[in-house]
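Student: Residues per chain are reported as follows:
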Amino acid sequence: MIPELAQFALVLALLLALAQSLLPLAGAWSGSRALMSVARPAAYGQALFVAAAFVLLAYSFLVHDFSVAYVADNSNLALPWYYRIAAVWGAHEGSLLLWALILNVWTVALCAFSRQLPEVFASRVIAILGLISVGFLLFMLLTSDPFTRLLPAPANGADLNPVLQDPGMTFHPPVLYMGYVGFSVAFAFSIAALLGGGMEKHWVRWARPWTNVAWGFLSLGIVAGSWWAYAELGWGGWWFWDPVENASFMPWLVGAALIHAQAVTEKRGSLSAWTVLLSIFAFSLSLLGTFLVRSGVLTSVHAFASDPKRGVFILIFLAIVVGASLLLYAIRAPKVVSGRSFAGMSRETGILIGNLLLTVAAAMVLLGTLFPLIGDAFGWGRISVGPPYFGTLFILLMAPLVFLMPFGPFARWGRADNGELKRVLIHCALFGLIVGGVLIAWLWSRAVDHLQLVLGAVGAAYVLRGVIMYVLKRWRGVPRGRRYPAEMAGMLLAHLGVAVFLVGALLTNALSIERDVRMAPGKLQEIGGYQMRFEGVKHVKGPNWTAEQATVTVLDDGKTIAVMHPQKRTYDGGQIQTEAAVDAGITRDLYVAVGEDLGDGAWAMRLYDKPFIRWIWGGGVLMMAGGFIAAADRRFRVRRQVSDAQTNALVESQT
Amino acid sequence: MHPTRKRRLIIVLLMVAAAAVAIGLTVFALQKNVTYLFSPTEVLNGKAPAHSPFRLGGVVKEHSIHRDPSSLKVDFVVTDRFHDMPVQYTGILPDLFRVGQSVIATGQMDGKHFKATEILAKHDSTYMPKEVADAIKKAEAAGRAKNAEHKTAAPAAPTQGGDAH
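Residue numbers (my numbering), protein chains in the order written: chain A, 1 to 655; chain B, 1001 to 1165.
For reference, chain A alone in the conformation it holds in the complex (with noise of 0.2 Å):
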C-alpha cells in the first residue's frame, strides 16, 4: 500500500510541476497574472508530494518492505538504521528522487526568497525549475521507479554495496547534488532573463547569491568525495581523475568562472552574454554528470547503472535542455548584451582570462572523460586516457591562474592602475622567491630533489602574499565597518583556500611515501621516520559483516605515538571490503590498509605516509565557505527595486 501511495504521490508531483512551469510561462506570455501566480502553490505542492514519496521509500526501508524492489536490493535485515537511510539514495533511482527532492528544496528556498522580484521574473523562474522537474519525474517514472514492487517478497534484501557503508557516503551524495541541483537556478535565472529579453537588468545580481551557495555545495560535496574515496577504497589517493569524479569536477570548474563572470556583469554590466551561456553551460554540465554516472556508458570505479534505456533518455533530455537554450540564446543574446568598456589592463580582462582557462580546463576535462567513447565510436579500439593527461593539462592551465589571482582585488574595474599592479607583482613574486629560495637551500641540506614540492610552496606563498597585501590594504584605507563586506571576505576566503589547497595537493604528491610491504607478526617497518610495528590479527564481528582485524602499533623513537585498526571486511552478502585505518594530523596521515593473508601469520600491507594531505579538504572547505560567505552579502538581500506599477507597465508593454 505503502509503495502505491509514493508512486501515486510522483505522478501527482509530475502534474503539478507540469503545473508549475506551462501555465507561469503562458501567465507571463499573456500578462496574466493569474496564471503567474499558480507558480508559487503549484511549486510548494510538488514539493510537498515529491517529499512524500521520499519519506515513503525512506520508510519502507526502516521496516525492512522487501516486496519493494529497490529495497531488497540495497538493504538487508543486519543493515543497521543510518545506512538504511543512506540507502535511499544509495543506487540509482532513489538517487534520482534525492535530485528531484533537492531541485524541490531549491524551489521551495526561491519562491521564499523572491517575493522581491518583479512577479513575471519570478514566475518565469519557477516555471524553467518546474520544467527540469518534469523532466526528472518523467525520468524517474518511466525508466527508474524505485517502488516497483517485487512479488513474493524475499524473506531478506541483498545489501548495500559496502563501498557505500560509510558515514561519508550517507552525506557526501545529498551535498553534492546540493551543489549540482543548484546551479538549476542560475540556469533558470539566465533562461527566464533571455525569456524577458533586455528588460530585468539587475537579473545577474538576484542570480549572484544562487549561484554562490549552489557552489559552495558543489565544493564541499567534492571534497567529501574526495575524503571519502581516500578512507574507503584502500588506495590512500584523493583524486584519480575517474570519470564520476571529473563529472563533478566540469560543473565545479564552469561554477567558479561563472561566479567570477557573474560579479563583472552584475557591477560592470559587461561578458553578460558570455555568463548566460556559462550558466547553461554548468547546468549542462551537471546534467551531463548525471549522464555519466547513471548511463553506466563509461567504464568507472562506481558507477552504478548500466540500463540503455536510462542512458538514451538522459541523453535525450540532455539534447533538449542543451538544444533548446542555445537555441534561445543564439536568439535573445545579442538584446541582452549591455555593458561599460574596459581597457586592457583592469580586472574585467584579468577576470576574463580566468575564465577562459577555467573553462578551457574544464572543456580538456570533458574531452579526456569522453575520449574513451569518441574512440569507441570511430572504431579506433578500446581506449583509455590515463591520469598523466589530465594531471599535465590541468597544471598547465592552473598556473597563468595562481598567478594572475593576487591582482584580482587590486586591478580597478575599467582601467586598472599599472603601478599598483607592479608593486602586487613584485610584493608577492618577492615573497614566493624568498619561500622558494628558503626550501630550496634547506632541502640542498638534506640533499632532497624536489621540483613540485618547490612549486608548491612558492605558488602557496604567493598567492598568500596577494591576500595578505589586499587584507592590509583595506585595513589601513578604509574606516572601520565598512573594511571587509561579506563578498570580499568570501572572495578573500575562497582565494585563500587555494593557496592552502596548492599545499596540500603538491606537497601530498612530492613527498608521499608509499610502501606496500609483507609484515610478519611483531615485525617493525620504517616508514617516513615512523617505526611500525605489526601486533598481529584478530576476528572482529560488526552488524552486517565480520572482518579480519590488524593491529599496528606507531611508535615515534621507540615512544608509541598511535595505535590503528586497519580491517578487512567481509560483508554478509559475501563482498570483501577494505577499511584502512587513518591517524590524521595537520602535517601528516599515517595510513594503513590490509591486503591478503600471506599465511604464516604474515600479511601484505599498505603502509602510507601522506604529508599535508588534509590541506587539500581543508582548502576546499574555505572556497565553500568563501560561496557561502560571499553570498550572505547585504547588497543581495533584494529591497523591493520594481514596484507593482512598474511590474504592470512592464507586463503590458510586453502583450
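Keep in mind the hints are simulated off the structure, nothing from the lab. There could be a bad hint or two in this list.
[Claimed, not checked] From the structure, some residues in chain B lie toward chain A, with a derived Cβ separation under 8 Å: (1) T1004; (2) Y1036; (3) H1051; (4) R1055; (5) S1071; (6) D1095.
Note that this is a predicted model, so its numbers are computed, not measured. C-beta: ideal position from N, C-alpha, C; glycine also.
Position chain B against the provided structure of chain A, taking the given hints into account.
Tutor: Same frame as chain A, but now just chain B:
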C-alpha cells in the same frame, strides 16, 4: 582603429591563441596518455604493442594464482577462454581479485609475460566491464569462425561471461 574595436580584436586574438595552444597541448597529451585494451587472443595475434604499455582485459583463470612466499610477487593467468596470458605483478591485489573475476591489468609485455603495474577489479562482483565483455565476445566470435573453418567437431566454448548486468 577605434578603441572598442581594438579591444575586441585583442580579445578575439587572445581567445584564438589560447584555443590553439590548448588544442595543441591536448592532442599532444592525449597521444602520450592513451592506452588501449586488448584481450589475450589479440595480444597473441600481435595486435598489442611490444614495447609500450597497454591494458590487458580478461578473466582470472582457475588454479592459476601463485604467490611468492617471501615477497609480494604474484603471478596468475588472464584468459579470454580461448587464449591465456601469464601475468606478473608485485603488490597488493584489489579486494575483488579472485578466480573467475574479470580484471583489467595495466602494464607491458616482458618476453612472453605481461608485467602488470596496476590491477583493477570491479567492485560489483556480478558486473563485467563492458570492455572486457566485448573483448571476450570478440575472442569467442574469432574462435567460432576458426572452428567453422577447420570443420572441427570440438564442443562449443562456454559462453559464460557475456554482457552481465
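Student: With reference to the structure, classify each hint as holding or not holding.
Tutor: Against the structure, the hints:
no., hint, result
1, T1004, "holds (6 Å)"
2, Y1036, "holds (5 Å)"
3, H1051, "violated (17 Å)"
4, R1055, "holds (7 Å)"
5, S1071, "holds (6 Å)"
6, D1095, "holds (4 Å)"
In this structure, the one hint that does not hold is number 3.
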